[in-house]
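Q: Protein chains in written order, with our numbering: chain A, 1 to 373; chain B, 1 to 289.
The set of hints was computed from the structure by calculation and includes no laboratory data.
Note that the Cβ used here is the ideal one computed from N, Cα and C, for glycine as well.
Check before you lean on any hint, since a few could be wrong.
Said to hold, decoys possible - A few chain A residues that face chain B, going by a derived Cβ cut-off under 10 Å, partial list only:
(1) F199
(2) G200
(3) E229
(4) G242
(5) W338
So you can see what is in the structure, the chains are spelled out below.
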Amino acid sequence: MKRVFNFAAAVALCAATALTVPAAAFAAEPVKLGMIDPIKTLIGKQNVDGAQLATDLINADGGILGGRPIELVVYDTNFAPAEGVSAVQRLLTQDGVKVVVGEISSSVALAAIPVVESEDAIFVASVPKHPDVTKSGYDKVFRLNSTTALDAQSFDKFLVETIAPQKVAILAENSDFGQVTITHLKDLFGDKLVYADTFGMQQSDFGALSTNARSSGADMICIVGSNMEQYGNILRALSDLGFDGRRCLMPGILNSQGVEIAGAAAEGAFSADIYVPAIDNELNKRFVAAFEEKFGRVPEKIEVLGFETVWIAAKAMDKAGTDTDTAAIAETIRTGEWQTPRGTVTFDAEGQASSGDLIRLEVKDGRIVVSAD
Amino acid sequence: MTDLLLQQAVNGLTQGMSYALVALGLTMIFGVLHVINFSHGELYMLGGLVTVVATSMLGLPFAVAVIVAVVAVVAVAAVVDLVAVKPVLPKKDGPSTVLLTTFAVSLLLHQGVLAAWGPNPARVDGITGSVALGPVVVTGSRLLVLAAGVAILLAIEYALRRTGLGRRIRAVAQSEYAAHVVGIDVARVRTLTFLGAAAIAGIAGALMVPVSLFTPSMGQHAIITAFVVVVVGGMGNPTGAVVCGLVLGVLEAIASTVMPQELGTAAIYALLLVSLLVRPNGLFSRAAR
Numbered sequence: 001m002k003r004v005f006n007f008a009a010a011v012a013l014c015a016a017t018a019l020t021v022p023a024a025a026f027a028a029e030p031v032k033l034g035m036i037d038p039i040k041t042l043i044g045k046q047n048v049d050g051a052q053l054a055t056d057l058i059n060a061d062g063g064i065l066g067g068r069p070i071e072l073v074v075y076d077t078n079f080a081p082a083e084g085v086s087a088v089q090r091l092l093t094q095d096g097v098k099v100v101v102g103e104i105s106s107s108v109a110l111a112a113i114p115v116v117e118s119e120d121a122i123f124v125a126s127v128p129k130h131p132d133v134t135k136s137g138y139d140k141v142f143r144l145n146s147t148t149a150l151d152a153q154s155f156d157k158f159l160v161e162t163i164a165p166q167k168v169a170i171l172a173e174n175s176d177f178g179q180v181t182i183t184h185l186k187d188l189f190g191d192k193l194v195y196a197d198t199f200g201m202q203q204s205d206f207g208a209l210s211t212n213a214r215s216s217g218a219d220m221i222c223i224v225g226s227n228m229e230q231y232g233n234i235l236r237a238l239s240d241l242g243f244d245g246r247r248c249l250m251p252g253i254l255n256s257q258g259v260e261i262a263g264a265a266a267e268g269a270f271s272a273d274i275y276v277p278a279i280d281n282e283l284n285k286r287f288v289a290a291f292e293e294k295f296g297r298v299p300e301k302i303e304v305l306g307f308e309t310v311w312i313a314a315k316a317m318d319k320a321g322t323d324t325d326t327a328a329i330a331e332t333i334r335t336g337e338w339q340t341p342r343g344t345v346t347f348d349a350e351g352q353a354s355s356g357d358l359i360r361l362e363v364k365d366g367r368i369v370v371s372a373d
Numbered sequence: 001m002t003d004l005l006l007q008q009a010v011n012g013l014t015q016g017m018s019y020a021l022v023a024l025g026l027t028m029i030f031g032v033l034h035v036i037n038f039s040h041g042e043l044y045m046l047g048g049l050v051t052v053v054a055t056s057m058l059g060l061p062f063a064v065a066v067i068v069a070v071v072a073v074v075a076v077a078a079v080v081d082l083v084a085v086k087p088v089l090p091k092k093d094g095p096s097t098v099l100l101t102t103f104a105v106s107l108l109l110h111q112g113v114l115a116a117w118g119p120n121p122a123r124v125d126g127i128t129g130s131v132a133l134g135p136v137v138v139t140g141s142r143l144l145v146l147a148a149g150v151a152i153l154l155a156i157e158y159a160l161r162r163t164g165l166g167r168r169i170r171a172v173a174q175s176e177y178a179a180h181v182v183g184i185d186v187a188r189v190r191t192l193t194f195l196g197a198a199a200i201a202g203i204a205g206a207l208m209v210p211v212s213l214f215t216p217s218m219g220q221h222a223i224i225t226a227f228v229v230v231v232v233g234g235m236g237n238p239t240g241a242v243v244c245g246l247v248l249g250v251l252e253a254i255a256s257t258v259m260p261q262e263l264g265t266a267a268i269y270a271l272l273l274v275s276l277l278v279r280p281n282g283l284f285s286r287a288a289r
């Protein structure tokens, strides 16, 4: 009798669970967004912090799709394409996400795209700069960062007409980014380019390289280096050698930590970028204040790009009224105008974001400010 | 062109001095303990880290920070010696095992710093200002590396040739058995050599941070170059390590004026490879005997 009672109780419990759990879960079932990034590196963490803040703000505003919160599932890619592919596979097949965002490395992003395509999912890349990221032919890939070609469109005219150097030297990191930029500046300046050399991604002493650049007689030295410790060190070496010409950091690489490393040697260096924390709009003010409160530092471009991936993906899901119909979500992203901390962002047919001309920047009194030029 | 070459020679000497100092410690340990200490690069990195912490967080003057860095690095090295070298070395295949234990220590130190400090680089101002010697500009920090480097090398040379400890170290390096027979405490000499080498690595790290920043990976790059310098200079040969370190630094800097920098470095390393084929025991192997 006792056994029958226990069995009956168990059946009743199961029935009750079956009836109540789906109803409760439906009320607050989170919408999962997948994120990949090299989270053990400084730049990867910056990107994830931005995305996390977007998640917090959207959830604080009541979530999407009638009150559902967003849940960010983050996996490490460790800058390795193989790890990136397995992270994306895990997100799409085990975690059941339909939209993957993030990443710094172009190699990882390019390796991840076929996996995303095979699962008919959406990939919103934040930082990768390689042109091929948006040229795979798959129509559900988007990229927030500007490309080197887009940067050049905006920056070339400024260099040639406003700075108007007589002789130019280039110090570039030995990478895709460095080589492409050297070729581009050779085309842009022709005979005016008097010196160009590359440095290794692990190099830490720039005395010899800076001496050669200074001795070339250049009145403008352009630095192409994504590692802040490297370009900060080059600025210091040039200052130590008494170089008094213009110092140009190619668009997208100047950040406050690089300025801190270079110290007084960074004064007067100029660059351009898609974002500065000083942009005057309501969303940016809210973003900067919330970020400072949560993380204790001022956000910069990498954080904004991380923020935008989640912000735009979530707003697009909300607007499209679905978290599963990837075609509808992708179409909404592509055709929409999105308000983000940097202003209005739109996408072209290939999924490349743009927000107008770059903002010209210079280092003044140890801070990055919008240039008066 | 002469001005450029002179400037590059000075740049190269500074860089070469850092190679020489790290290599000197590595080769001393090899000469006396007959082991490769793979954690040596991380001791160099710790010298830099302690200097950063002492100057930027504790507000100590640079000179005091260098002393604190050396003391801290020697303390860490004492622990490394106690747990990863001393208990393992006397055992069968001791030297090969020490290779692994010190490699494990280097990973622990590197990952420990990455976990506690993060991947962030940091700057120390050191000695500001620069000296112009005609067309050649030398910053205060580089001048300090050169001057301190020369002083350390002279002190080591003096200690090895003229002091009782130096004689005991040379005796152990030549024959542990004979040294033991004449009453030298071999274990003590080994420990003192290990700590002395660590102190040099600590000073080198502290002095190089104002020249080329602190990064948690600085030790990993340093150990690779130092290893090359030690092998080419002759394993266990201090003179060879110092000369090869300095020559490597100067050649790298001067080669950069006539060819792309990375190609220059590759060409120099190729030459070093050829030199090993000609003299397999190192360029200074005869001087060692």
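Q: None of the hints should be skipped; say for each whether it holds.
A: We went through each hint and held it up to the structure:
1. F199: Status holds, d = 6 Å.
2. G200: Hint on G200 (chain A): holds, closest Cβ of chain B at ~6 Å, below 10 Å.
3. E229: Because about 4 Å separates E229 (chain A) from the closest Cβ in chain B, which is inside the 10 Å limit, the hint holds.
4. G242: For G242 (chain A), the interface hint holds, since the closest Cβ of chain B sits about 6 Å away, which is under 10 Å.
5. W338: Nearest chain B Cβ about 32 Å off; hint violated.
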